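Student: Residue numbers are given in this note's numbering: position 16 of the sequence shown equals residue 21, and the series is strictly consecutive.
Keep in mind that the hints were calculated from the coordinates and are not lab data.
Note that the coordinates shown come from a computational prediction; the quantities given were computed from them, not determined experimentally.
Since no wrong hints were added, every one of them can be taken at face value.
Pairs of lysine-lysine residues, derived as BS3-like cross-links and limited to a Cα-Cα distance of at most 30 Å, are as follows:
1) Lys105 to Lys208
2) Lys25 to Lys105
3) Lys223 to Lys208
4) Lys204 to Lys223
5) Lys105 to Lys204
Cβ pair distances, simulated, as ranges:
6) Ser65 to Ala193: 18 to 26 Å
7) Glu184 to Val80: 30 to 38 Å
8) Val173 to Asn147: 36 to 44 Å
9) Met157 to Glu22: 13 to 21 Å
10) Asn205 to Glu184: 35 to 43 Å
Here a beta-carbon is modelled for each residue, glycine too, at the ideal position from N, C-alpha and C.
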Amino acid sequence: MGATHIGSSNISSAHNEICKQGGEYLRQYDYCITIGMVLPDSTIDGILRDDVHSFADYFSAYQSINQQLGIISIVIATFLQQNSYLSMAISPSLYPDKEKLCSNFSHKIGARLSGLGWIGKSGLLITPDYGPRVRFVSVLTNLRLRNSGYIMDSRCGNCHACVDSCPVHAYTGRDFVPEEPREMRYNAVACYDYHRQRKNEGKIDMCGYCVQACPYGKQAKNIVR
6 MGATHIGSSN
16 ISSAHNEICK
26 QGGEYLRQYD
36 YCITIGMVLP
46 DSTIDGILRD
56 DVHSFADYFS
66 AYQSINQQLG
76 IISIVIATFL
86 QQNSYLSMAI
96 SPSLYPDKEK
106 LCSNFSHKIG
116 ARLSGLGWIG
126 KSGLLITPDY
136 GPRVRFVSVL
146 TNLRLRNSGY
156 IMDSRCGNCH
166 ACVDSCPVHA
176 YTGRDFVPEE
186 PREMRYNAVA
196 CYDYHRQRKN
206 EGKIDMCGYC
216 VQACPYGKQA
226 KNIVR
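Put together the whole structure using the sequences plus the hints.
Tutor: Set out below in structure tokens:
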């Protein structure tokens, strides 16, 4: 169905963090299936032009992939339910909590624990082959699953490309530490306000400069597969 990444993980070690963000009802799910799809390079790199066409292309690709991921997650969750397992499909891009500016579950948790990548200074999941140019969706379940991989150490090193690319300086440049609150690394309000500013200016309320700037995403274009 178009997925380029898939992983599974035991997320029980992160239950406290997960439940603090989304609620205690999430504690019943010990396992996570993570599915990802790569965004087209042309749409990501095109945003540097900052014109109506480039961001329209980015928006279209972003929405299309999110829709496809949403369908995949529902199919998997329904299959699990029909086989007597608890399951919950988490939307690929929905932030109903306007105070915390977050969803009920972070796809990055499952992706990181399943060994698909590490969390960079931008707070995005960085995959070794495609950088942050991958959209993810999650299915939570009580079906016992093995971890599909090992937790990766950050490979960002001294790189600050994502930090420097942000037009509103939303990133502090700190490396990801699981125990630290998001605010130590990322100002979500500044990012949200920038999106609203673009909308008020008659532009598409998307950004993506941090996604475009990551060297791990750029290197994928030079790999012959």
